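Residue numbers (my numbering), protein chains in the order written: chain L, 1338 to 1452; chain W, 168 to 281.
Since the hints were derived computationally from the structure, they do not count as laboratory data. Computed from a predicted structure; not experimentally measured. No residue lacks a Cβ here, since even glycine has one placed at the ideal position from N, Cα and C. Be a bit skeptical, because a hint or two may be false.
[Claimed, not checked] Partial pick of chain W residues on the chain L-facing surface, computed with a CB cut under 10 Å:
1. Q208
2. L213
3. K238
4. F241
5. Y267
6. P274
7. V280
So you can see what is in the structure, the chains are spelled out below.
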Amino acid sequence: AQSVTQLGSHVSVSEGALVLLRCNYSSSVPPYLFWYVQYPNQGLQLLLKYTSAATLVKGINGFEAEFKKSETSFHLTKPSAHMSDAAEYFCAVSDQANRDDKIIFGKGTRLHILP
Amino acid sequence: DTGVSQNPRHKITKRGQNVTFRCDPISEHNRLYWYRQTLGQGPEFLTYFQNEAQLEKSRLLSDRFSAERPKGSFSTLEIQRTEQGDSAMYLCASSFVGGYNEQFFGPGTRLTVL
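Just chain W, same shape as in the assembly (with noise of 0.2 Å):
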């Protein structure tokens, strides 16, 4: 068991720019999450997926982002035209369907937004 993983942990940019986050979670869970850490606050819900089916959409989530996960594996998270609130610690998690919830959570990649 390799964990959540999460790539790149840092990344800094200018405004203006498009950035793209990858999640790899534990291999046989089902259920991928992304969520949204800003300091000294909890993570706020952003998005989750079952397989490759994108079921909820916070309305934290603006049209400036997207998330995909195609084959049902990686997930990746898109910011485009960033903006220096979107800095933030971004978080993946990930469960198995039928459990009782309990979501596995990745080290996080760091944006900040110049």
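This is chain L alone, in the form it adopts within the complex (with noise of 0.2 Å):
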């Protein structure tokens, strides 16, 4: 079975700083993994995925993650962190040999950026 386990509910960061937000998954199979931001009262936008191509993966709005297969990682982060960004941040996974199955969120990190 796989699962995604996100490390802190809440993360708070000023207006600037580095923004690390964290995600370890646990799959038998090679996975496929994402990042989704979802804004208050709204629908989960993608903010960019992992397919095997490269370890390091470039999204939206200055986001990044970098897949790390030793420490079943795939952290989320952005250099300097604007006012904008303050939203749920969701790490997910699903199976690359069965693709187009369903996705397994894990329980979300709420960033807050503070002025």
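With the hints as a guide, bring both chains together as one complex.
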């Protein structure tokens, strides 16, 4: 079975500071990994995805994530936080071998940006 | 590309009533997924369709829940005899088979059962 664990349900950073949201995955098969963002009362928007083409994945809004198989991690980073980054972020996993399968989501990390 | 749309956006109902939600996927997408999200949690998978065929149902989908995608385009999710525990955001997503499982989500329908 696949799963993801997001470390920290709430993270606060100052505007302009580094954003680091942690995600560890568990999968017995090569995974696809995703980060989604959710603004209040909205659906989920895909930030970036890992599909095994490259371990460092760049996404929208200046976010990037690095796939580390040895650490089973897929942490999300952004060099400089903006107020508009305040939202809920979800790490997610699905099965590469069974494409188009359901996605398994973590519980989410709410990012707070301090002025 | 108009994106995934869901109607209604909000639904308030009394316990015991039936409710139906609709999802219109991106037009060229042949996979359609339903998820449920409760407060403070990530979305949980309910069911998915490829064209009109329902391929998998989660154990979360009790017999009070039924989903259809009759013509392989829009989908409906019906909840019969609603309970307070059904209160949640119901999310729909769609994708194109053969990609990297990039699922595009709609804005969701928030259900409140009184």
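Consistency of the hints with the structure:
1. Because the beta carbon of Q208 of chain W sits about 6 Å from the nearest beta carbon in chain L, less than 10 Å, this interface hint is met.
2. The closest approach between the C-beta of L213 of chain W and any C-beta of chain L is roughly 9 Å, which is under the 10 Å cut-off, so the hint is satisfied.
3. For K238 of chain W, the suggested interface contact is broken, since its CB lies about 20 Å from the closest CB of chain L, more than 10 Å.
4. For F241 of chain W, the interface hint is violated, since its Cβ never comes within 10 Å of a Cβ in chain L; the closest pair sits about 16 Å apart.
5. A hinted interface residue such as Y267 of chain W counts as satisfied when its beta carbon comes closer than 10 Å to some beta carbon of chain L; here the least separation is about 4 Å, so the hint holds.
6. Interface hint status for P274 of chain W: upheld, as the beta-carbon distance to the closest one in chain L is roughly 5 Å, under 10 Å.
7. Interface hint at V280 of chain W: violated, since its Cβ lies 18 Å from the closest Cβ of chain L, which is beyond the 10 Å cut-off.
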